[in-house]
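Enquirer: Read off the chains here:
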Amino acid sequence: MKTNRLLAWVAIAIGVVYFIVPLIGTFEFSLRMRRGEYSFDAYQSVFSDMQFRATFGYSMLMAFFTIIFGILLVVPTAYWVRLRLPQIRPVVEFITLLPLVIPAIVIVFGYLRLYNSSSFIPLTNSTSGTNALLMLSYITLSLPYMYRAIDTAMRSIDVATLTEAAESLGARWPTIMFRCIFPNVMSGVLSGAFITFAIVMGEFTMAALLNRPAFGPYLQLVGANKAYEPSALAIIAFAITWLSMGLLQLVSRLQKTAPRKA
Amino acid sequence: MTFLTLSKIQKSFGAVQVVRDFDMTIEKGEFVSFLGPSGCGKTTVLRMIAGFESPSGGEISIDGRSQANLKPNQRNIGMVFQAYALFPNMNVAENVAFGLKVAGKPKAEIDARVNEMLGLIKLDHLADRYPYQMSGGQQQRVALARALAPKPQVLLLDEPLSALDAKIRVSLREEIRMIQQQLGITTVFVTHDQEEALSISDRIVVMNGGRADQIGSPFEIYNRPATRFVASFVGTLNLIEAKVIDPAANRIAIGDQAITLREPLGAVKAGDTVSLALRPEAGSIAEGAKGDTALTGKVVSSNFLGSVIRTRMKVGDAVISFDMFNAPGLSPPAVGETVTLRFTASDLLIIRE
Amino acid sequence: MNTANLIDRRKIVDWLGIAPFMIFAFMFLILPTLYLVTGAFFNPAGEFTFKNIADLAHPTILSAYWISIKVSVASSLGGAVIGFMLAWAVVLGGLPSWIRSGLLTFSGVASNFAGVPLAFAFIATLGRTGLVTLLLREWFGFNLYGTGFNLLSFLGLTITYMFFQIPLMVLILTPALDGLKKEWREASEILGASTWQYWRMIGLPILWPSLMGTTLLLFANAFGAIATAYALTGSSLNIVPILLYAQIRGDVLHNPNLGYALALGMIVITGLSNVLYIWLRSRAERWQK
Ligand SMILES: Nc1ncnc2c1ncn2[C@@H]1O[C@H](COP(=O)(O)OP(=O)(O)OP(=O)(O)O)[C@@H](O)[C@H]1O
Ligand SMILES: [Mg+2]
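Residue numbers (my numbering), protein chains in the order written: chain A, 5 to 266; chain B, 5 to 357; chain C, 17 to 305.
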């Protein structure tokens, strides 16, 4: 037992060093901009950059739409599969896991060939079309996480009984969907939303290849051209990730402690 | 011949002492049950014998050899857990073979022993099944075979039957006892079910708050409980408060009915209160029932329990239950009826903590 | 007749319910993939050919696949081993419980901290003027880059990728380790098994499906990752995703259909790792419900 605990401490120590040192290193580097002393100049430079604001805002907006449309796509599907089509569950699950198997770059390569200006649906012809395509690609990327989160939340409520109860009270299906199902799977929806947010904010490949002014390509650009700003950006990105994951944990914890409403 | 000795065992978890001064010796081939309410320390004692916990004080020795510095895997002990604990990734035969395999026995010997064990528990036909494919009772039999396969010197069972349903519980406990006698293996069996302990043990240890309150044969434990705790924990029992009338003549009164005890009252004076115990099955209200002592009371309730009818009557302030065997044609006493309960004075035990 | 009609209608409604999802999946997941897969077998003139596949044998492409596979295998195995150790430490190491919740929270964050910023973090740490590089030189007089170490190499990329691989492993393995019952350990111990025998014959076989599955997931994860590598190295490091990226941008291979073949190769490799996973899993499932 004693040796066990010692080994455990050693393992944790290795983990801590491996994970904390790069963060410290990044932070230290981000403070080095002014010669001879530490300063927050790099952050100032980042925040005053118009490009930063524009791309950050663009990605936020994309994340917002991705989350909304992703939820609208996944919640009814997960609900319907649980309620009416349990037999095709494995198929749907398989599909939702595909984005983990097919690399993002391959998927977007396919988009570029299928939806280019000379194709039958020329989405990349217009800015709004490309934006839509980018959003759809983000939905694809977040599908494994979104579906899993929502499906898990649905498992904990009895979808069939809830639906029957609502139907027996004369509710129609939009009412059932938005009044009964959504509120009850809110925790799953929120977890999915936060992960999606984290994915979209940092995503590089899709946005770069679709040529959209998103945060990911901007980061890459700064990285290629500047010295200290990238570290500041990495710290900011880490903070964003931490924020969305922290909110996620908060939500799931609230969910666990909140008494379940019938 | 003493085989397993526990002397002055103590165990504390932090500041809480859960086992105190636990002292006992177990003979070779004996079947001993630890009986007691939840949390009294039965499992803890068992786990100390197995080596999963080390005593804070005292010593455990098996066959004259102190176990203090031996790890569980050096003790050659068999153990059966409450929740079966079969290895889910191995089928029945592999589970049973496990102990022999890690001991590096040759394959032929392992196969022969596994077959012998599966025969013993009558599950030859399920050798290829995985644990999830079997009922609880079957799994527990496999667990027993697995524990016995390496020929352990002691077998420990921690409430092996409590996860099973009532019917299986009875048949399996008999099977365990039979196998134990057949192999002559020294066995410690933990349970909080008194019927289980009474029916299959050579001796029973009744535990209370980390101590052994009484150690004795089932017959002694049941009929001669040493403490109030043992008396109330084992079997159903009437605990009756009585007033001493004449200590010299052993005369006491229950309500206003005076009776003479067989057992000497000891150092009490007239007017003191004493506690008496009487088993419900000790008396009878039938016409011409035997017994040198009688109490008369009013029936307050009468419950039909199947093979017996349990009736409660009021004598003064005391309520006394008694059982009679059911028989067709027998009419249970009606509530309010006055009945006379006859019994032998020596069945009335004096309880002195 | 009437009831039959009703049943049919109900069935149709049932299928209509998931039509949006199916259409989405078909258009934005399956069709693009199929397009590339079939494209790999045609030449620009639209004739069927195996030439694209054969052309993958070009040394540049082969070495790109080779480095990609090496980095993915190394970072997923490294992630699996270290992740396992960490999960083991918090579940079975007898550590205070705040360490466990701390590690899990951090893993949730770190597993999502990938892409471009991760590259920045490692440049700032292990790059030529990174903190660790400087400290090693100043404190110990040790010149990291003098040893031939380079962040833009196989080793550097592997170390960087492990930053998100390890936490993923921790997140998946912690609940799996929680599922190992204490009684199994004790039962094996009292039957005479050593700690090593317990892990070899019981613990690891039970964990095998999740361990293996996650490792293969990590493999696919690393194999398809591009952002980190691209930000670290620009296009100087020759790995498959970067090669494909360059091809999409500017047809560096001078044959669009060879690009399809390159993509097909990636799908085949990640697909194979999944087939392997499913196969291993079904073998393990003999003893599962
Ligand atoms: N590892 C431990 N740490 C702290 N306290 C413990 C530990 N193990 C047991 N205890 C305490 O010791 C006491 C005796 O526990 P034990 O498991 O021996 O009881 P038991 O007689 O087997 O009860 P049951 O019939 O419920 O199994 C209990 O109060 C329990 O809470
Ligand atoms: Mg117990």
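Keep in mind that the hints were calculated from the coordinates and are not lab data. Note that the structure is a prediction, hence the values are computed from the model and not measured. Cβ coordinates follow ideal geometry from the N, Cα and C atoms, glycine included. Each hint should be verified, as a subset may be incorrect.
[Said to hold, decoys possible] In silico lysine to any residue, SDA-like type, Cα no more than 20 Å apart, as pairs:
1) B:K75 with C:W215
2) C:K27 with A:R93
3) B:K105 with C:P221
4) A:K230 with A:R57
5) C:K198 with B:Q261
6) C:K27 with A:N8
7) C:K198 with B:V312
8) A:K230 with C:L168
9) C:K197 with B:V303
10) B:K75 with A:T7
11) B:K75 with A:N8
[Claimed, not checked] Coverage of chain C stretches by chain B, computed from C-beta distances (three or more under 8 Å per stretch; other residues unrestricted):
12) 37-45
13) 206-218
Enquirer: Look at each hint and say if it fits the structure.
Expert: Evaluated hints:
1. Taking the CA atoms of K75 (chain B) and W215 (chain C), the gap is about 17 Å. The hint holds against a cut of 20 Å.
2. Of the pairs offered as hints, the one joining K27 (chain C) and R93 (chain A) holds, with about 16 Å between alpha carbons and a cut-off of 20 Å not exceeded.
3. With a C-alpha separation of about 16 Å, the suggested pair K105 (chain B) and P221 (chain C) falls inside the 20 Å cut-off, and the hint holds.
4. Taking the CA atoms of K230 (chain A) and R57 (chain A), the gap is about 17 Å. The hint holds against a cut of 20 Å.
5. Using a Cα cut-off of 20 Å, the hinted pair K198 (chain C) and Q261 (chain B) is violated, with the two alpha carbons roughly 59 Å apart.
6. Simply put, K27 (chain C) and N8 (chain A) have alpha-carbon atoms about 58 Å apart, too far for the 20 Å limit, and the pair is violated.
7. For the proposed pair K198 (chain C) and V312 (chain B), the alpha carbon gap of about 44 Å is over 20 Å, so the pair is violated.
8. Straight-line distance between C-alpha atoms of K230 (chain A) and L168 (chain C) comes to about 18 Å, which keeps the hinted pair within the 20 Å bound.
9. The hinted pair formed by K197 (chain C) and V303 (chain B) fails the criterion: a straight-line CA distance of about 54 Å is larger than 20 Å.
10. Taken as a hint, the K75 (chain B) and T7 (chain A) pair is honoured in the structure, with Cα atoms around 15 Å apart against an allowance of 20 Å.
11. As the CA atoms of K75 (chain B) and N8 (chain A) are separated by approximately 15 Å, the hinted pair is consistent with the 20 Å bound.
12. Look at the region 37-45 of chain C against chain B: 0 of its residues bring a Cβ nearer than 8 Å to a Cβ of that chain, fewer than three, so the hint is violated.
13. Counting residues of the region 206-218 of chain C whose beta carbon lies closer than 8 Å to any beta carbon of chain B gives 8, which meets the minimum of three for the stated coverage.
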